[in-house]
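Colleague: Given next are the chains, with one letter for each unit.
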Amino acid sequence: MSTIAQKKGFGATIWDYLTTVDHKKIAILYFIAGGFFFLVGGLEAVFIRIQLAVPNNDFVSAGAYNEILTMHGTTMIFLAAMPLLIGFMNAVMPLQIGARDVAFPFVNAVGFWLFFFGGIFLNLSWFLGGAPDAGWTSYASLALHSKGHGVDFYVLGLQISGIGTLIGGINFLVTIINMRAPGMTYMRMPLFTWTTFVASALILFAFPPLTVGLTLMMFDRLFGANFFDVTMGGNTVIWEHLFWIFGHPEVYILILPAFGIFSEIFPIFSRKRLFGYSSMVFATVLIGFLGFMVWAHHMFTTGLGPVANAIFAVATMAIGVPTGIKIFNWLFTMWEGSIKFTTPMYWAFAFIPTFLMGGVTGVMLAAASADYQYHDTYFVVAHFHYVIVGGVVFGIFAGIHLWWPKMFGTMLNETLGKITFWFFFIGFHLTFFIQHFLGLWGMPRRVFTYLPGQGFETANMISSVGAGFMSIAVIIMLLNVVLTSVKNVKVGNDPWGDGRTLEWAIPSPPPFYNFKQLPLVRGLDAYWIEKMEGKKGMTPAEPLGDIHMPNSSFIPFVIALGLFIAAFGAMYHVDKVSWALPVMIIGLLITFGSLFTRSVKDDHGFHIHKEELQEEKGAKA
Amino acid sequence: MTNQPLSSGNPRVDLEYRRKKSAEEMRYQVISFALMIFLTLVAFAAVAMKGFTAWFTVPFIILLAAVQVVFQLFYFMHMSHKGHEAPTLFLFSGLFVGLTAILAFSTIIWW
Amino acid sequence: MKRLAKWRLISLFAMLALVLSGCGKPYLSALNPAGEVADTQYDLMKLSTYIMVGVILVVVVIFVLVFVRFRRKDEKIPKQVEGSHRLEIIWTTIPILLLLILAVPTVASTFKLADVSPMDKKNTKALIVNVRSHLYWWDFEYPGQKIVTSQELVVPTNEKVYFNLKSMDVKHSFWIPAVGGKIDTNTDNANKFWLEFDDKRANEAGNLFYGKCAELCGPSHALMDFKVKAMSRDKFDAWVSAMQDVKEPQKATTASAVKGQEIFNQSCIGCHAVTPANKMPDTARVAPNLTNFGDRSRVAGILDHNKEELKNWIKNPETYKPGNMMTGKYGNLTDDQIDAVADYLMGLKVQE
Amino acid sequence: MHAEEKMTYETWPAEPEKSTLEAKNKFVGFWLFLGGETVLFASLFATYLALKDKVPNTSQPLAKDLFELPLTFLATMLLLTSSITSVYAMYHMKNFAFKKMMLWLGVTVLLGLGFLGSEVYEFTHYVHEGHKFTSSAFGSAFYSLVGFHGGHVAFGLCWILTLMIRNSKRGLNLYNAPKFYVASLYWHFIDVVWVFIFTVVYLMGMVG
Ligand code: HEA
Ligand code: HEA
Ligand code: CUA
Ligand SMILES: [Cu+2]
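Chains as they are written, first to last, in full-length UniProt numbering: chain W, 1 to 621; chain Z, 1 to 111; chain X, 1 to 352; chain B, 1 to 208.
Honestly, the hints are just simulated from the structure, not real lab data. Some hints here could point you the wrong way.
[Stated by the list, open to error] With a Cα cut of at most 25 Å, we get these calculated BS3-like pairs of lysine-lysine: (1) Z:21 - B:132; (2) Z:20 - B:100; (3) W:601 - B:132; (4) W:535 - X:76; (5) Z:20 - B:18; (6) B:18 - Z:82; (7) B:64 - W:601; (8) W:601 - B:6; (9) B:169 - Z:20; (10) X:146 - X:122; (11) X:329 - W:147; (12) X:76 - W:536; (13) B:169 - Z:21; (14) X:329 - W:418; (15) B:52 - X:166; (16) Z:50 - B:100; (17) W:601 - B:179; (18) B:132 - W:576; (19) Z:50 - B:18; (20) B:100 - Z:21; (21) W:147 - X:122; (22) X:146 - W:340; (23) X:192 - W:535; (24) W:601 - B:99; (25) W:536 - X:79; (26) Z:21 - B:99; (27) B:169 - Z:82; (28) W:340 - X:166; (29) W:340 - X:79.
Just so you know, these numbers come straight off a predicted model, no measurement behind them.
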């Protein structure tokens with residue numbers, strides 16, 4: 001199959017990706033789009049740091065700064081970090097549970113295209129009159145006050161991409177519930193699969209409040225409703241609650257899959273099974289559960305009263321316990337192990353102290369009465385970049401290096417990888433460590449500039465220099481990707497030599513049907529068990545037979561495109577332009593029409609016949 | 001992946017058994033429907049009779065609604081049947097999250 | 001390579017430690033608490049920092065041991081350990097205990113800082129200030145004293161001052177880092193809290209604390225600063241009566257200022273009041289009250305307080321505070337006119 | 001096994017809605033979706049409760065001025081009844097009685113239409129009394145919650161109708177049985193939400 005793909009022309013390849021329903025190709029789409037948005041968000045971060053390098057700077061104007069700031073946060077969270085993680089889930093989770101695809105391949109593609117069009121829509125704001133400027137939290141009073149269409153782009157763009165994420169989450173859940181290979185019980189699932197499961201559950205429950213919040217905001221801004229208009233009886237605190245009921249679980253949606261990635265890396269490169277597997281699973285579930293009971297810690301200064309603040313403070317602190325369990329389990333996985341410091345291991349190893357620092361400042365923030373001081377200062381900025389960059393971004397880098405050979409059949413260059421690591425690591429700490437102190441010294445966050453003479457100059461300069469280091473790292477990383485793709489040295493099933501889970505048992509990249517025969521899973525670290533018994537691969541759980549595969553389809557793209565078009569109509573509707581309403585209706589017709597087509601046109605997929613599979617076996621070996 | 005539920009080896013016996021089973025279940029469902037209608041009537045009546053204080057009526061009708069929903073979920077939507085472990089878990093988790101939100105909105109949005 | 005990076009890190013942290021010993025500016029830094037609220041918070045910050053440093057030390061010790069002892073030396077497969085119940089119990093209970101140690105003072109201080117019961121008593125003696133936040137400026141009303149001032153809050157030291165805070169447009173947040181944590185000014189309804197300003201430490205900080213808006217509120221959010229003048233109760237009372245004495249707009253004295261007052265009465269008085277009485281409801285006060293403008297330490301909260309900067313401000317507020325609500329609302333003034341108005345405004349003083 | 005294989009009463013499985021992997025996936029996936037919908041509606045309920053009776057001036061009607069028992073009762077009865085009729089439809093589906101299933105689905109659709117009709121009548125009535133989507137926060141919250149539910153009813157009707165028309169010639173098979181089943185689950189869920197709407201919005205609104 002892969003050889004066939006290579007012979008295809010460029011146009012055919014593009015068409016292949018536009019219509020694909022294969023989870024591995026969708027994963028690549030997620031990486032391309034998420035990676036692109038990461039660069040965009042990173043560039044915005046660099047602009048932020050340039051503007052703040054010296055006091056009274058006028059690199060960008062005040063209004064533009066707020067747009068950059070908002071788009072940086074929104075892009076990074078919704079369009080970079082989460083999609084990249086979903087990319088890993090797509091690429092790896094079905095392989096880890098021994099499945100041939102996800103439960104709903106078609107829906108999987110719909111999810112991607114919704115995310116993609118939502119992200120594009122949001123970013124088009126730059127060219128269509130200005131980006132959103134009310135912060136990634138878009139608090140209602142400011143959001144309603146904001147002129148132009150910036151906030152409308154935010155509301156509609158996130159709504160579209162949010163729906164994509166939501167159906168993606170359901171898809172992963174069903175895949176894990178129904179499609180595990182024979183013998184793969186829940187307590188034999190690799191940790192990355194577990195964290196995918198819990199993160200997907202969080203998506204399922206956290207995104208509806210956001211959907212509602214965004215809908216209310218859309219109604220207020222575009223259709224004359226009064227949810228947040230105080231003079232009409234509205235209440236802006238509703239938005240804060242809805243946003244954070246979503247927003248806090250969201251940060252665990254980000255960190256749990258990253259934890260999952262690290263939980264794969266430590267055992268592989270320590271050659272030791274994960275220490276305390278069941279307590280890791282337990283901690284993951286507990287973090288997910290507690291994640292829904294702490295949202296108001298973002299609202300300590302809103303004035304909810306001491307009772308609410310105290311309850312949420314204590315609940316928040318409680319999350320430190322399961323997270324601590326994880327940290328110690330990772331450390332003891334390495335304890336008495338045989339550690340090899342590869343690039344993925346560099347990232348994973350450095351993650352521990354880095355994330356730890358972010359985690360403990362989180363607990364400091366949880367102390368409600370002290371948070372009155374920290375809140376909305378650079379201390380908070382430091383906290384969340386330590387956990388997000390030190391946890392999630394490190395995790396993404398680690399995962400990319402770890403699974404690159406699995407996805408593309410070739411290794412990223414280790415030396416370049418390590419150089420990337422050092423630049424990023426040093427730059428990261430330079431940038432964000434000092435920000436703790438900036439916050440304590442009285443520097444609020446989201447300021448487009450600061451006046452001289454308040455003692456903020458040196459620290460901001462240091463911070464900006466650090467961002468420069470990180471940029472160099474990212475550029476080297478891009479270079480690495482290009483160089484290794486050009487060289488394209490092929491590798492086998494288990495390029496790191498110590499793979500433990502099912503994905504390492506099949507070729508790199510895997511054939512499009514993944515497993516010729518579903519493997520029989522006999523315990524945790526299924527592949528490792530077989531290897532230790534001297535076997536080359538997995539024992540099949542079924543005789544070789546026909547494999548049922550879904551057909552490719554262009555409909556997912558069209559469904560998302562319809563909403564994308566409709567969003568423009570909805571947005572310009574307030575300007576009373578004549579074409580707005582028709583455009584909105586046409587867009588919705590496209591979406592619902594294609595949904596309708598999909599539901600009345602039966603699509604039973606196709607079968608790969610036993611004979612073809614046997615032939616391929618000969619060809620591969 | 002083929003149909004293997006409730007097999008006794010003899011298709012005729014199976015079928016009859018199944019028929020009876022579902023007829024019986026249908027009877028339960030009609031009963032629960034009757035109960036639901038009854039509960040609804042009680043709730044409407046409680047409101048129609050202006051005699052009670054809101055402190056009584058509100059919790060009372062909410063209780064009635066909750067009971068009714070249990071009927072819906074467990075009888076009409078078969079949530080008590082086996083094979084519904086994941087649905088049950090996720091529905092109740094959703095309910096938990098939702099109720100937390102409702103609790104918050106009715107207490108700490110205070111004006 | 002690795003060594004080198006380590007050294008760089010260590011020397012970096014050493015350098016930082018030096019910077020930190022400065023603790024920021026005494027009039028601005030939360031690390032220089034100057035009142036009971038800030039003290040309480042600072043104590044909690046210190047307690048939590050100690051706990052966290054302890055946690056970090058434990059983890060880092062294990063981390064370093066792992067790093068030096070367990071690097072791959074041969075191709076042996078290590079023993080596959082499943083876990084350890086004893087260890088798991090240890091690292092579950094100890095964090096719980098540590099968190100309890102943190103939680104108790106947290107809850108206690110949360111309630112303490114929220115205690116505004118004296119505000120609600122009838123005929124209370126407590127000083128109450130109604131804070132009204134506007135797009136990029138602050139309005140302070142003393143309901144008990146029946147006076148209004150703007151941009152610069154004046155408070156007595158060594159007693160609890162109670163605040164009633166609300167926003168008139170979008171959400172802002174009221175923060176005086178050296179004196180206590182922030183509280184949001186919502187559009188929906190008033191928040192209440194209290195602060196206390198310590199006399200001695202106020203003196204050390206030059207009796208002028210910096211206040212900030214801590215909630216993103218638009219382009220000039222960064223510039224929505226205010227100042228706090230903390231003075232002894234006697235001086236405060238003197239200030240109050242001096243303010244109360246201004247029943248009519250003060251008469252300008254110099255010729256230029258007289259001319260300025262005329263212009264002011266034509267172009268500006270529609271928005272800016274120059275008497276301190278709180279006759280109007282808060283919604284009608286659309287611009288800073290300028291009664292004691294001459295006593296201020298900043299123009300518009302950010303510019304140095306001198307005639308030049310004042311003229312600059314009046315000439316083009318937009319360059320100093322993008323998106324402010326004054327720009328374009330008062331027609332065009334010639335340089336002479338601006339000069340006259342500035343003379344007038346600089347003369348508006350209630351204190352010697 | 002091929003999903004579109006012609007089945008007979010004898011070969012029809014006991015749980016046709018879960019007899020293939022696709023069916024199982026659909027079944028579980030749809031239930032999970034309902035879990036998410038629960039949170040969605042809960043958020044709307046929460047918003048409604050926070051904004052109930054929040055109007056800018058006293059001339060606007062409040063909940064207790066607006067709602068009336070008879071109309072709510074009628075709507076409730078229509079929707080509750082449509083729940084048992086869809087149970088009947090699924091009963092016949094399990095017994096491989098296609099015609100009867102279609103019949104009961106038809107009745108369900110009619111009842112649903114009746115419900116929608118009463119809702120439309122109700123809304124126009126309120127608008128005349130000055131209770132509009134744009135007139136107050138209360139109005140916005142009310143129409144969002146109840147209207148969102150109404151939207152679900154309308155979508156459910158379209159869905160069931162599409163299924164009925166699409167499959168009217170084909171009869172039952174293992175490919176469409178899960179579709180019918182899932183649609184009926186959706187219908188029940190709409191009913192569940194309504195139980196809370198009539199209780200929390202209407203009855204509690206009238207209690208005050
Ligand atoms: C990946 C993202 C991520 C993660 C994992 C976390 C993790 C945590 N966060 Fe963070 N947080 C954010 C992202 C994240 N956060 C973001 C983006 C914001 C700002 C949003 C905005 O306003 O824009 C924020 C803001 C934020 C606030 C609000 C601050 C404010 O605005 O005033 C608070 C307050 O409680 C908080 C707390 C916590 C806590 C307690 C944890 C805990 O989960 C941390 C737990 C980990 C540890 C504690 C370390 C390991 C534990 C041990 C070694 C055991 C022993 C430890 C102890 C006994 C303490 N976070
Ligand atoms: C996943 C989340 C994520 C990530 C990864 C980052 C990464 C970074 N963030 Fe950000 N950040 C947020 C989420 C994130 N941030 C959020 C949510 C906010 C709050 C927003 C708000 O208040 O509303 C915030 C706010 C925020 C602020 C505060 C702004 C303010 O309050 O005024 C700052 C300031 O320093 C900052 C800096 C950085 C830096 C330097 C990085 C670096 O790590 C970035 C590193 C990446 C690069 C350096 C990429 C470089 C790219 C190139 C060089 C391009 C090359 C291009 C081509 C070849 C085409 N971020
Ligand atoms: Cu006002 Cu920021
Ligand atoms: Cu949080």
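Colleague: With reference to the structure, classify each hint as holding or not holding.
Modeller: Each hint, compared with the structure:
1. Z:21 - B:132: 50 Å, violated
2. Z:20 - B:100: 18 Å, holds
3. W:601 - B:132: Violated, at roughly 41 Å.
4. W:535 - X:76: 18 Å, holds
5. Z:20 - B:18: At roughly 20 Å apart (the allowed maximum being 25 Å), residue 18 of chain B and residue 20 of chain Z satisfy the hint.
6. B:18 - Z:82: Judged against 25 Å, a Cα distance of about 12 Å means the pair holds.
7. B:64 - W:601: 49 Å, violated
8. W:601 - B:6: 18 Å, holds
9. B:169 - Z:20: Violated - the C-alpha atoms of residue 20 of chain Z and residue 169 of chain B are around 29 Å apart, more than 25 Å.
10. X:146 - X:122: 17 Å, holds
11. X:329 - W:147: 19 Å, holds
12. X:76 - W:536: With Cα atoms ~19 Å apart, residue 76 of chain X and residue 536 of chain W stay inside 25 Å; holds.
13. B:169 - Z:21: 29 Å, violated
14. X:329 - W:418: 59 Å, violated
15. B:52 - X:166: 23 Å, holds
16. Z:50 - B:100: 44 Å, violated
17. W:601 - B:179: Answer holds: residue 601 of chain W to residue 179 of chain B is near 14 Å, not above 25 Å.
18. B:132 - W:576: Holds - the C-alpha atoms of residue 576 of chain W and residue 132 of chain B are around 21 Å apart, at most 25 Å.
19. Z:50 - B:18: 49 Å, violated
20. B:100 - Z:21: Judged against 25 Å, a Cα distance of about 19 Å means the pair holds.
21. W:147 - X:122: 44 Å, violated
22. X:146 - W:340: With a Cα-Cα distance of about 74 Å, the restraint between residue 146 of chain X and residue 340 of chain W is violated, given a limit of 25 Å.
23. X:192 - W:535: Outside the cut-off at roughly 71 Å; violated.
24. W:601 - B:99: Status holds; Cα separation ~23 Å.
25. W:536 - X:79: Distance of about 21 Å is within 25 Å: holds.
26. Z:21 - B:99: Measuring from Cα to Cα gives roughly 21 Å; hence the hint holds.
27. B:169 - Z:82: Violated: residue 169 of chain B and residue 82 of chain Z sit about 33 Å apart, past 25 Å.
28. W:340 - X:166: The given pair, whose Cα atoms are some 59 Å apart, is violated under the 25 Å limit.
29. W:340 - X:79: 16 Å, holds
Hints 1, 3, 7, 9, 13, 14, 16, 19, 21, 22, 23, 27 and 28 from the earlier list are contradicted by this structure; the remaining hints agree with it.
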